[in-house]
Amino acid sequence: MAKSEAVFSFTKVSASRRIRDIKEKAIEVVLFLAASVSVLTTVGIIFLLIEESVLFFQKVSFWEFITGTEWTPLFAEPSYGIWALLSGTITTSAIALVVSIPMGTIIAIYLSEFASPKLREICKPILELLAAIPTVVYGYFALLFVTPLLQKIFPELPGFNMLSAGIVMGLMIVPLVSSLSEDAMRAVPVSLREGSMAMGATKLQTAIRVVFPAAISGIIASYILAASRAVGETMIVAVAAGLQPNFTFNPLKSAATVTAYIVQVSLGDLPRGTLEYQTIFAAGLALFVMTLILNIIGYLLAKRYREIY
Amino acid sequence: MVEQEQSQSMVSERPPVVAEVVDLNFFYGDFHALKNINFYIPANKVTALIGPSGCGKTTLLRCFNRMHDLYPGNRYEGGILVNGENIISPKVDPIEVRMRISMVFQKPNPFPKSIYENVAYGLRVRGIRDKSLIDQKVEEALRGAALWDEVKDRLHESAYALSGGQQQRLCIARAIVTDPDIVLFDEPTSALDPIATRSIEELMVSLKERVTIIIVTHSMQQAARFSDYTAFMYMGELIEFNDTKTVFNNASHPQTQEYISGKIG
Numbered sequence: 001m002a003k004s005e006a007v008f009s010f011t012k013v014s015a016s017r018r019i020r021d022i023k024e025k026a027i028e029v030v031l032f033l034a035a036s037v038s039v040l041t042t043v044g045i046i047f048l049l050i051e052e053s054v055l056f057f058q059k060v061s062f063w064e065f066i067t068g069t070e071w072t073p074l075f076a077e078p079s080y081g082i083w084a085l086l087s088g089t090i091t092t093s094a095i096a097l098v099v100s101i102p103m104g105t106i107i108a109i110y111l112s113e114f115a116s117p118k119l120r121e122i123c124k125p126i127l128e129l130l131a132a133i134p135t136v137v138y139g140y141f142a143l144l145f146v147t148p149l150l151q152k153i154f155p156e157l158p159g160f161n162m163l164s165a166g167i168v169m170g171l172m173i174v175p176l177v178s179s180l181s182e183d184a185m186r187a188v189p190v191s192l193r194e195g196s197m198a199m200g201a202t203k204l205q206t207a208i209r210v211v212f213p214a215a216i217s218g219i220i221a222s223y224i225l226a227a228s229r230a231v232g233e234t235m236i237v238a239v240a241a242g243l244q245p246n247f248t249f250n251p252l253k254s255a256a257t258v259t260a261y262i263v264q265v266s267l268g269d270l271p272r273g274t275l276e277y278q279t280i281f282a283a284g285l286a287l288f289v290m291t292l293i294l295n296i297i298g299y300l301l302a303k304r305y306r307e308i309y
Numbered sequence: 001m002v003e004q005e006q007s008q009s010m011v012s013e014r015p016p017v018v019a020e021v022v023d024l025n026f027f028y029g030d031f032h033a034l035k036n037i038n039f040y041i042p043a044n045k046v047t048a049l050i051g052p053s054g055c056g057k058t059t060l061l062r063c064f065n066r067m068h069d070l071y072p073g074n075r076y077e078g079g080i081l082v083n084g085e086n087i088i089s090p091k092v093d094p095i096e097v098r099m100r101i102s103m104v105f106q107k108p109n110p111f112p113k114s115i116y117e118n119v120a121y122g123l124r125v126r127g128i129r130d131k132s133l134i135d136q137k138v139e140e141a142l143r144g145a146a147l148w149d150e151v152k153d154r155l156h157e158s159a160y161a162l163s164g165g166q167q168q169r170l171c172i173a174r175a176i177v178t179d180p181d182i183v184l185f186d187e188p189t190s191a192l193d194p195i196a197t198r199s200i201e202e203l204m205v206s207l208k209e210r211v212t213i214i215i216v217t218h219s220m221q222q223a224a225r226f227s228d229y230t231a232f233m234y235m236g237e238l239i240e241f242n243d244t245k246t247v248f249n250n251a252s253h254p255q256t257q258e259y260i261s262g263k264i265g
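Residue numbers (our numbering), protein chains in the order written: chain A, 1 to 309; chain B, 1 to 265.
Hints in this document: simulated from the structure, not taken from any laboratory.
Every residue, glycine too, gets a C-beta built ideally from N, C-alpha and C.
Stretch-level coverage of chain B by chain A, calculated; a stretch enters the list once three of its residues show a Cβ under 8 Å from a Cβ in chain A:
no., segment
1, 94–106
2, 121–130
Dumping the calculated DSSO-like pairs for lysine-lysine here, alpha-carbon to alpha-carbon at most 27 Å:
no., chain 1, residue 1, chain 2, residue 2
3, B, K131, B, K113
4, A, K303, B, K107
5, A, K203, B, K113
6, B, K152, B, K107
7, A, K203, A, K118
8, A, K203, B, K107
9, B, K131, B, K152
10, B, K35, B, K245
11, B, K91, A, K203
12, A, K203, B, K131
13, A, K303, B, K113
14, B, K35, B, K91
15, B, K208, B, K107
16, B, K208, B, K45
17, A, K12, A, K23
18, B, K208, B, K245
Can you build the whole structure from these sequences, using the hints too?
As structure tokens, this is what we get:
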């Protein structure tokens, strides 16, 4: 624009300004679409689960489903008690958490508060490599290595058992817990550590009394993620814990989990629309509700213990 | 000789001394941050360390409780003598030093705990379990930090519910609860408003009966207002150390005069 032509105006819209507005808008739309994909996927899965489950519950009593302890949908006289599968899921997951939470937390404290930066740079990627091993490999590791080892301690232990599957699942989850917990602890400001050390605290006292509590909400989040991961894990339990639904919380027994059932049945050739086919969705819904509850608990816990620093 | 110059500029009559700094040198890796520092800390007085940014005053302060030991690559030479012992000697456990010499930081840094637990922290890390003793010490420290009346009804609420000035007084209570010999203050009021600053200054004056105070400040008015002794540092060297009146009214070094009159810094 020539200088003589116009007095500067805030209200007048120039061409470059219009182009800028269009560009901004376009970028916003692209970002929105990208975000929508994940939301739509979740909504789609939930919709599918519920739709098929509704058909299932038209034929099977909801009460039997959530209270029964027999799961034999493929028998001539079928029963549909989800607890026979949930007990397997709960037991293996509990064992996995008993292994992964203490171990992951200790590793996180060590890496965040004690290890030299150099050691940390070496250890962290190696640890995270554990998470990159395919779960089917873990499954056979449990079946062919850990179970024979455990059989030396428990001679009665069957070849398929929940203990071995749970332990190996725990080992698999360790890097998840340690990595996320370490991130949470490293985010605690240096000023809090210095404040503690300046009071004559040792490194360990500082780690346990100041850094850990300050990072607790992130640490709990890592535990919940670990629990969801354990509940949803399929290959390890399908390979090592057995495929026989069995209502028991005894880790020395063999039992199928919800996920193991789903993978077993969906690999067979079930005709669409049959009741057997719909059991997959009902079991999937039960699993979904379980992880949802875990996530809600985790959210509430993290909120309850949140420490602002 | 640098040493002679320094000794000439020092006060002739020595008050009772709690710590003596002898030929102190400090290195961050290869960087020579403190050069041949010689002076002393008079007991139950406020000693201010002043000087332009980067002169080494905070580095010097952090030598007194071995904070530099927390990070690799730092090295001390020379001595800081407390009761005849050199506290920067590698043979001395830094944790023992910090048990006797506590610190208040630039920004209030209460722990994410209750008000009570923040103050009790120093006692708990020393393994004290006696609840009535802790109760008593916490109350004493909070009274000493002029905070008791404001928080006595909410001792178990989070420390983050307090205002910035209150948080800093809480940190002071935390630092005095274990009856240390010296409390180090690293620009304790730089994050506070003028009213909170004034209350912290009054508090420090009242604490003199119990402890010796060393304070780093970049506010010359602050140093002049309430310190008893002042050390002026420049480029890692101690240029002048004397009682505060003399440093501010009758400094013997031209550099000190220039800094105080605002020409450098």
